[in-house]
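Undergrad: Each chain is listed here by its residues.
There are 2 protein chains.
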Amino acid sequence: MKNFTVDPELEKNSYFITDLELSKVYIKNDKENPWFVLIPKKMHATELMDLTHEEQCILMEEITMVSDFLKNFYKPSKLNVGALGNMVRQLHIHVIARYENDRAWPQALWGTTPSQIFEEVELENIRSNFQDFVE
Amino acid sequence: MKNFTVDPELEKNSYFITDLELSKVYIKNDKENPWFVLIPKKMHATELMDLTHEEQCILMEEITMVSDFLKNFYKPSKLNVGALGNMVRQLHIHVIARYENDRAWPQALWGTTPSQIFEEVELENIRSNFQDFVE
Chain A
1 MKNFTVDPEL
11 EKNSYFITDL
21 ELSKVYIKND
31 KENPWFVLIP
41 KKMHATELMD
51 LTHEEQCILM
61 EEITMVSDFL
71 KNFYKPSKLN
81 VGALGNMVRQ
91 LHIHVIARYE
101 NDRAWPQALW
111 GTTPSQIFEE
121 VELENIRSNF
131 QDFVE
Chain B
1001 MKNFTVDPEL
1011 EKNSYFITDL
1021 ELSKVYIKND
1031 KENPWFVLIP
1041 KKMHATELMD
1051 LTHEEQCILM
1061 EEITMVSDFL
1071 KNFYKPSKLN
1081 VGALGNMVRQ
1091 LHIHVIARYE
1101 NDRAWPQALW
1111 GTTPSQIFEE
1121 VELENIRSNF
1131 QDFVE
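Heads up: the sequence lines are chains A and B, in that order.
When we follow my numbering, the leftmost residue of the first sequence carries the number 1, and every step to the right adds one.
When we follow my numbering, the leftmost residue of the second sequence carries the number 1001, and every step to the right adds one.
Everything labelled a hint here was simulated from the structure, so no lab data went into it.
Warning: the hint list may mix true and false statements.
Claimed, not checked - Taking lysine-lysine pairs in the DSS-like style, the calculated list, with each CA pair at most 30 Å apart, reads: (1) Lys71(A) <-> Lys1075(B); (2) Lys1078(B) <-> Lys1028(B); (3) Lys1012(B) <-> Lys41(A); (4) Lys12(A) <-> Lys24(A); (5) Lys75(A) <-> Lys1041(B); (6) Lys1071(B) <-> Lys31(A); (7) Lys71(A) <-> Lys1071(B); (8) Lys28(A) <-> Lys1078(B); (9) Lys42(A) <-> Lys1012(B).
Said to hold, decoys possible - Some chain B residues well away from chain A (every beta-carbon gap over 12 Å; in silico): (10) Asn1013; (11) Phe1016; (12) Asp1019; (13) Leu1020; (14) Glu1047; (15) Ser1067; (16) Phe1073; (17) Pro1076; (18) Ser1115.
Built from N, CA and C at the ideal position, the CB exists for glycine as well.
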């Protein structure tokens, strides 16, 4: 993890939540669809297959933590989990709360723009709720 | 896995490839973007978090096998891996070969229709290549 840096494109419209064992966790500023992004702290990884098997297992634990948090706090109709990376190659995994009346349902949400964003204080609350939740 | 069945919607335009330890493996009939679907043999699972941690680790191994196969045989620009399930709730994971000149690049491919499909004999060859590859 030495010299690990996050691609600035991934930090745009995103708010840092916490550091887990493998991943840095961000939330995108989308109030309609609470949407986390996990970035494994491994330089030059672009695909899930670039992680060791052990790292992949930890990643699944971290996806499950974030999924649990979203289910508890935001009651989604469905979770969407994806590792795409067509625009930003650095490996990152989306975990998105979807609703049957959201702006893209039942299509994928990637590439669409939220019409409602969080206020700073709401993002701070999410950070503190998430940190309490995973402790 | 007793009484496990695949949602008929997932079998549409798809060709059965093989049974792995956790998942049934299908390929969608899309010649432009070779596209595998893994269906964990666990009834009532709709989210990745519905799998046990052990099953999640096996799933990552199987995603890696399919990813390796796609990289070797189809030289994609990028892999896209996703568990969405907005249309069909049964848990299924897409592993898609993407190209910088494909029909949706750099957007997600879900919801688009291929203009080129495989012939039966090509699908049979993929099945036999995949089985040899994972043996």
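Undergrad: So, for every hint listed, does it hold in this structure?
TA: Checked hints:
1. Lys71(A) <-> Lys1075(B): Roughly 37 Å between the alpha carbons, so the hint for Lys71(A) and Lys1075(B) is violated.
2. Lys1078(B) <-> Lys1028(B): holds, 18 Å
3. Lys1012(B) <-> Lys41(A): Violated, at about 38 Å.
4. Lys12(A) <-> Lys24(A): This hinted pair holds, its Cα atoms lying about 15 Å apart.
5. Lys75(A) <-> Lys1041(B): Roughly 26 Å between the alpha carbons, so the hint for Lys75(A) and Lys1041(B) holds.
6. Lys1071(B) <-> Lys31(A): The hint is violated at about 37 Å.
7. Lys71(A) <-> Lys1071(B): With Cα atoms ~34 Å apart, Lys71(A) and Lys1071(B) exceed 30 Å; violated.
8. Lys28(A) <-> Lys1078(B): Cα-Cα ~23 Å, so holds.
9. Lys42(A) <-> Lys1012(B): violated, 38 Å
10. Asn1013: holds, 17 Å
11. Phe1016: Given that every Cβ of chain A is farther than 12 Å from that of Phe1016(B), nearest at about 23 Å, it holds.
12. Asp1019: The claim holds: Asp1019(B) sits with its nearest Cβ about 21 Å from chain A, beyond 12 Å.
13. Leu1020: About 15 Å separates Leu1020(B) from the closest Cβ of chain A, which puts it past 12 Å; holds.
14. Glu1047: Glu1047(B) is in fact no farther than 12 Å from some Cβ atom of chain A, at 5 Å.
15. Ser1067: violated, 4 Å
16. Phe1073: Given that every Cβ of chain A is farther than 12 Å from that of Phe1073(B), nearest at about 14 Å, it holds.
17. Pro1076: violated, 10 Å
18. Ser1115: holds, 19 Å
Violated hints, in rising order: 1, 3, 6, 7, 9, 14, 15, 17; the structure is consistent with all others.
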